[in-house]
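Trainee: So you can see what is in the structure, the chains are spelled out below.
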Amino acid sequence: MTNEVIKELVSGPLPSATFDESGEWLTIQIDAAQWKQLATLLYNAPYHFDYLFCLTCVDWKTHFTTVYHLTSTCHRQAIVVKAKVDRNDPQIETVSDIWKTADFHEREVFDLFGVRFINHSDLRRLILTEDFEGYPLRKDFEDPVNMIKL
Amino acid sequence: MYTETQIVNNSDDELVVNVGPQHPATHGVLHLVITLQGETIKKVEPHLGYIHRSIEKMCESLTYRQFIYATSRMDYLSAHINNHACALTVEKGLQIEVPQRAQYIRVIMDELTRIASHELWWGAMAMDLGAFTPFFYAFREREMITEIMEETCGARLTMNYMVPGGVMTDLHPDFQKKVKAFIQLFRSKIDEYDELVTGNIIFQNRMKGVGYLSKEDAISYGCTGAVARASGVSCDIRKLYPYDVYDKVAFDEILETEGDSFARYMIRMREMKESIKMIEQLIDNIPEGDYQAKTKAVLKLPKGDFYTRVETARGELGVYIVSEGATTPYRIKFRSPGFSNLSALDQMARGGKLGDLMATMGTLDLVIPDIDR
Amino acid sequence: MYSLHAITNSVQNWLNARLSSTWVLIIESLIVIVLAIALFAALGLILVWLERKVAAHMQIRLGPNRLGPAGIFQTSADTLKLILKEGLTPDGADKFLFNFAPFVVMIVAMLLLAPIAFANGFQIWNINIGVLYISAISSLSVIGILIAGWASNNKYSLLGAMRSGAQIVSYELSAGLSILTIVVLTGSLQMTDIVQAQQNGWWIFKGHIPVIIAFIIFIIAATAETNRAPFDLAEAESELTAGFHTEYSGMKFALFFLAEYINIFIVCAIGATLFLGGWMPFHMGNWTQFNHVMDFIPSSIWFFGKTFFLIFLIMWFRWTFPRLRVDQLLNLEWKYLLPVSLFNLLLVTLIAIMNWHF
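Residue numbers (full-length UniProt numbering), protein chains in the order written: chain S, 1 to 150; chain U, 1 to 373; chain H, 1 to 358.
The hints are simulated quantities; they were obtained by calculation from the structure and are not laboratory data. A hint or two may mislead.
Said to hold, decoys possible - Only pairs whose alpha carbons sit at most 30 Å apart, straight line, appear in this in silico DSSO-like list of lysine-lysine:
hint, chain 1, residue 1, chain 2, residue 2
1, U, 248, S, 84
2, S, 149, U, 43
3, U, 273, U, 248
4, U, 57, S, 61
5, U, 248, S, 7
6, H, 85, H, 155
7, S, 36, U, 277
8, S, 84, U, 300
9, U, 208, U, 248
10, U, 300, S, 61
11, S, 7, S, 84
12, H, 53, H, 95
13, U, 189, U, 277
14, U, 248, S, 149
15, S, 61, S, 7
16, S, 36, S, 61
17, U, 303, S, 7
18, U, 180, S, 82
19, H, 206, H, 95
20, H, 81, U, 208
21, U, 189, H, 155
22, S, 82, U, 273
23, H, 155, U, 42
24, U, 277, U, 180
25, U, 303, U, 273
26, U, 57, S, 36
27, U, 177, U, 277
28, S, 84, U, 57
29, U, 273, U, 180
30, U, 303, S, 149
31, H, 206, H, 335
Computed from a predicted model, the values in this text were never measured in an experiment.
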């Protein structure tokens with residue numbers, strides 16, 4: 001299965017998706033609202049990206065991108081999906097019902113970035129305490145006590 | 001967290017027990033809230049973060065040479081392999097050609113680390129099941145590896161030996177001799193381990209059919225390493241996406257299909273033997289030459305994102321660097337193997353007995369700093 | 001020939017000659033109390049030290065080696081530390097029961113000492129239902145453990161106590177049945193009679209395979225009854241931190257600890273008495289010369305030698321085997337040990353009736 005095939009598959013239902021092949025793997029850039037549709041598409045046959053091996057988020061100061069690294073255990077093809085999330089009201093559809101590993105990873109992203117995952121069954125802070133204020137991995141996070149400016 | 005009213009309002013025959021953060025079986029500060037009905041487990045809910053140091057945030061203000069040292073403190077039992085992953089990512093970004101000698105040394109060191117890590121796991125897991133003696137046996141052999149490490153790297157646990165472009169110093173002159181001596185001894189000791197623990201009928205009864213994880217669940221939960229391979233998922237990064245000289249050595253990817261704790265146990269035991277095989281192939285053939293490529297004093301990764309996957313002793317470690325072209329990474333994400341493996345614990349432990357939870361947790365080989373980062 | 005029997009007799013005669021029988025009884029009771037407490041203290045210190053040494057040598061370590069020769073005073077120092085420590089009582093605990101429980105366990109262990117024959121004629125109470133007395137009293141110790149677990153108001157303690165309850169109650173059956181095999185062969189419940197019956201050979205040699213089976217079952221059941229690994233589910237360090245005595249500290253914890261070791265000593269003493277001839281020297285049929293040499297070894301040494309051999313065996317188990325799971329533990333008892341010991345008892349009865357034993 002080549003990148004061309006995936007591109008064709010994705011650009012059918014999601015014409016606004018853009019592709020980037022400069023990296024190691026094919027990167028699909030989409031908007032947060034389209035993510036669930038794309039996730040379902042990628043998970044299902046015949047492409048069957050059944051293995052979400054990394055889920056994270058990057059703070060670009062103007063917006064967030066949630067980054068999903070997917071691979072398929074049968075085709076051994078890896079792709080990256082980057083979904084643009086609004087920084088003022090960060091929310092994106094959960095995929096924990098598709099890939100169970102997303103459950104913990106989304107909680108971690110929620111904990112450290114404050115991105116809310118819609119329909120997540122148990123969206124609580126995972127690593128930090130319940131009463132922690134702020135989201136430490138955001139670029140504008142300030143902690144005068146524990147952080148040392150280099 | 002459970003409030004007091006929630007605990008009281010539970011139906012009468014359910015008992016909520018906190019296992020950890022201080023508990024002999026969690027090997028660190030993991031906190032599990034388990035719901036019991038009698039001795040049967042209804043639910044396991046991990047609470048993390050007791051050793052969270054936000055290494056990812058720290059790395060954002062460290063240069064590409066510095067941040068590698070922070071990663072030794074994540075999965076401290078496979079510090080070498082963490083360093084290796086970081087070095088590979090930086091090399092991928094800068095397109096540095098690593099000298100052959102350095103590649104050989106790296107792989108040998110990785111495999112020695114893997115054996116050391118599995119040894120500690122073996123001892124600790126036997127201790128989880130109530131057998132104390134194996135722990136000391138395991139440490140006896142592990143000590144030899146840490147001594148070899150100490151001679152070459154100057155450290156026993158957090159080696160910080162891998163740097164972008166190769167390894168930090170050349171091997172100690174005695175290295176090959178000592179590694180060979182270790183291998184010869186270790187072969188007989190592995191049989192001793194099997195005699196003491198693997199063949200024990202109580203041990204087998206405690207492990208077989210316990211903590212079952214199906215192949216579909218293993219994939220869905222993103223399990224890697226021995227946990228996934230015990231369920232029949234082929235996921236050995238060394239085999240699938242070889243890095244450094246892993247494509248030059250002959251070794252088998254160990255797979256089992258039972259998916260229970262005993263399968264996970266057997267995978268790690270057999271992996272130790274595979275690691276020995278690998279070291280034996282490499283140890284006599286380390287090519288002469290530089291141990292480090294010439295690199296610039298200040299490293300600047302080009303704009304873009306770089307992802308490396310390596311196989312640590314616990315599973316797949318992913319290092320994701322987003323670079324803006326500066327001397328420090330813009331964002332780093334460590335996809336730790338323990339984090340995903342732990343998320344499957346609830347699925348595995350449900351319906352088992354309290355003792356099964358310890359057996360299952362033991363075979364997950366959790367290292368808490370690796371999960372919390 | 002030097003023997004403890006002579007000493008006890010001379011003390012008895014000396015007292016009888018001077019005092020009324022009531023006073024003799026009172027003074028003798030006092031002597032027994034002092035001796036029993038001294039034995040307890042000595043056994044506790046020696047057994048804990050022994051366990052640490054045995055464990056250390058199995059684990060390629062040295063064990064205690066700083067305080068006194070081979071670290072023999074280490075346990076005394078530990079005891080001193082425990083005495084000086086504050087005995088905390090948790091807020092939510094049932095104060096009376098919490099403080100009472102260690103003493104229940106301890107008293108039971110002390111009571112069990114009564115019918116044991118330490119040497120020829122050296123016995124606190126030669127009760128005619130000795131074996132019955134032992135099985136009756138030993139089942140009381142579970143009450144102490146249940147009280148401790150319940151009164152601590154701790155979930156680990158409660159789980160540990162419940163496990164312990166299930167475990168001790170079940171394993172008592174096999175222990176009792178294997179003891180019964182010897183009672184059937186001897187035809188008496190009295191300890192002295194049982195020892196005397198082994199004059200010309202210990203039961204484990206005389207009783208064919210059924211007695212060996214009974215002996216093995218007894219050792220397994222004894223390990224389980226004393227909550228020792230691989231049956232240490234009540235404590236189960238890696239599961240329940242410390243099980244029923246999680247909340248205990250200081251001397252109250254030490255009492256549980258001491259009681260565990262005293263119980264080991266007692267079950268091993270019983271095992272030695274029933275199966276290995278107690279204080280009876282090793283005799284071989286009609287080798288008069290050999291038997292005579294054996295008789296020269298004092299009976300107390302025979303007794304303690306056999307007991308400590310069994311204690312070593314039980315320590316060996318602990319440092320070798322992993323722990324069983326709670327359902328496997330009960331399976332082992334109800335599905336395997338109990339039917340086997342019932343059938344075994346039947347066989348032994350047949351042997352006794354037909355007089356097939358040597």
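Trainee: Run through the hints listed earlier and report the numbers of any the structure violates, in increasing order.
Mentor: 1, 2, 5, 7, 9, 12, 14, 18, 19, 20, 21, 22, 25
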